[in-house]
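There are 2 protein chains.
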Amino acid sequence: MPVTLDHWAEQVRAGDVRAISRAITAIENHDPAAEKILRSLFPSTGQAYLVGVTGAPGTGKSSLVDRLAAYHRKRKETVGIIAVDPTSPFTGGAILGDRIRMQSHATDAGIYIRSMATRGFLGGLARATGDVALLLDAAGKQVVLIETVGVGQDEIDIVRLADCTLVVLMPGMGDDVQNMKAGLMEIGDIFVLNKSDREGADRLEQQLGAMLALVPERNGWRPPVVRTVAIENKGTEELAQAISAFRKHFQASRENKAKKAALWKQRLVELLEVRLLDRVLGDPQGERSLEALAAEVAERKKDPYAAVSELLVRAGLAQDRKR
Amino acid sequence: MPVTLDHWAEQVRAGDVRAISRAITAIENHDPAAEKILRSLFPSTGQAYLVGVTGAPGTGKSSLVDRLAAYHRKRKETVGIIAVDPTSPFTGGAILGDRIRMQSHATDAGIYIRSMATRGFLGGLARATGDVALLLDAAGKQVVLIETVGVGQDEIDIVRLADCTLVVLMPGMGDDVQNMKAGLMEIGDIFVLNKSDREGADRLEQQLGAMLALVPERNGWRPPVVRTVAIENKGTEELAQAISAFRKHFQASRENKAKKAALWKQRLVELLEVRLLDRVLGDPQGERSLEALAAEVAERKKDPYAAVSELLVRAGLAQDRKR
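Protein chains in written order, with our numbering: chain A, 1 to 323; chain B, 324 to 646.
So here's chain A without its partners, still in its complex pose (with noise of 0.2 Å):
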C-alpha cells in the first residue's frame, strides 16, 4: 500500500491526469484515500496561484475563465479550471458545458478541468475544492481557476480560496450596483464588466467607480474595473494584467500572510468538524441512534439539547472540559 500511495503521489506530481482524477474522485467520495494522497503531497503545495472567479448566472464567467486559460496555455503556463456548482446534486461529468469544455481543450496536456457539486453534509463543498485546488498545485499547475456559478454564500467561501478574486458584472442584468449583494463588494479585488459591449456599460461602469471610490484602499489596493467582451476574446489581456499586477502588490507582503493563515485556521475548522463529526455518527449504530433520537426530538418527547448529550454520552465523549 505505501508503495502505491508513493507511486499515486509521483504520478499526480508528474501532472497524469488519470492518477489527478482518481484523486478527486477520492475527495468527492470521502475516501480515506484522499487524506492520505492530499497528506503526502502537502509539501509540494504553495506554487500556484488561485484566481477565483465568481458574479451572478449569466455573466459569463465560463467564457472568461475559458479566455484566461488561453491566455496562459499561449504562454506555456499550465492551468487547472475548477468550476463550483453548489446548487447542482451532480458532479462533473453531468454538467454539459463542462464536458463541452473538456472537449476544446481534450489534446492539451497542460490543462485540467474539473466540475464539482454538493455531495452530503459531511465536509462542505468548500472544502472539498480547496483540497482539489491543493491537489492541483502539487500537480504542478501554475494557475488554478475556481469558477462558481451564482454568488450565495457557498460561493464566496468558496472564492475565499483564492489569492485573488474576480467579481464578474454585466449590463443590463435588471439590478444595479446598489442592489448588488454586500459581501460581493467586499471580496472583489478585480471587477470585471463583462458584455461591456451591450447598453448600459458605460453607465454601470460609472455606478461601480463611484461605489468603489467608497471602500477603503486594502493595503494600497483599488480595485480596478475591468472592459471585456469574452466572447470575443476583447479585455483578456488587460484582466490578466490586472491580475498580474494584483498578484505583485500582495507578493510576500504581510497581508498575503496573514490572508493565507486566515484561510488556513478556516480549513482547520473544518477539518476538525468532520474528524469529530465522524467520531460520533461514523458507525452505523451512531447513524441509528441520531435517527432515533431525531424522531423522538420531532414528537416532542425530547428537547434538541438533551437527544445531543445522549449521543455525546454513546460515544464517549460526554464530559466537559470545563462550564
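If you're looking for bench data, these hints aren't it; they were derived computationally from the structure.
Source: prediction; values computed, not measured.
Where a beta carbon is used, it is the ideal one built from N, C-alpha and C, also for glycine.
There are no misleading hints in this set.
Label-pair ranges, simulated between beta-carbon atoms:
hint	chain 1	residue 1	chain 2	residue 2	range
1	B	A615	A	R160	17 to 25 Å
2	A	W221	B	R577	54 to 62 Å
3	A	W221	B	R545	48 to 56 Å
4	B	K624	A	A109	31 to 39 Å
On the provided structure of chain A, position chain B as indicated by the hints.
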C-alpha cells in the same frame, strides 16, 4: 436565575415583543442563555405552520410575504416573519426594507418581524433561523413566514425548515425556466408566478407547467402554479388557499412525519458540531493554538491533518474509537 429564566420563558409564551427580541439576540450571539430559553420553551413548540419563501432577488418575495401576513392578520391569526439574508454581514435593524416593514405593522401586536444575517462560523445561519422559528412558535405565532433574499445553497437549507415552500418567479428575468436551478425545482411545494401582469407571464406559466408535469408527484401532490401581482394584492387569497390545501394534504401523513424527523436529524448534527467544536476551540488557549497551527500550515511547516490531530490531543480527544 431559574426564576428569571422561567419568567422570561413565560413572557415569550405570552408573546411579549421585548422578551422575544431578547431571546433572538441571544440566539444570534451564541449566548448560552439561548439554549436555556429554547430548552424551556421546546415543549410549547410544534404548533406553528412554517412557510418558506424563496426565489431570485427582485421577484417580489417581500411584498408577497407582506400580503400573506396581512391575509392571516385579517383572519385574526398571529404571524411571525423571519427575513434571512445569508450574504449580508449585518443583522436586523440594519436592513432598510425591514425597518419600513416594521413601521407599517408597528401598531399590530399580532405580528412579529425580524431580519437575520450571517454571523461567524460557529453554528450556521440555517440553525439560527430554525431556533428563531421555534421561538416564534413557542410565542404562539400561528403562521411563521421565512423569507430568503436569494436562491443559494444556504437559502435552500433555510427553506427546508419550512412545512411548505413557495418558490417565487417572475416573467422576463432574462433566464427562463430551463435555466432554473435544479435544487429550486425540487424544493417547491407551490410555485408563485409573481408580477404576472407583465409580458411573458403566459409563456413562463406554460414552461413551468410543462416542466412540473415531468416531476413525479409526491404522495399525490403536484405543485400548483399560482399567479399573483403582490403590489396590487392580486392572487393573495388563491395563494393562501393553495398553502392551506397543501397543509391539509400532508397533515398527519407519514411523509410529513418523516420530513420532520429528517429535519431534526440535520439539526441535531449541527448542534453536535457546535458542541464538539466548542470543546476543542471554546477557550482562548484553543483559539490561540488554532491560530499558531494555521500559520505553520500556511508556511508548509506542518500538514493540516497533523495540525488537527494536535488540536484533538490538546482537548483530550485524541484516541479514535475505531480504525
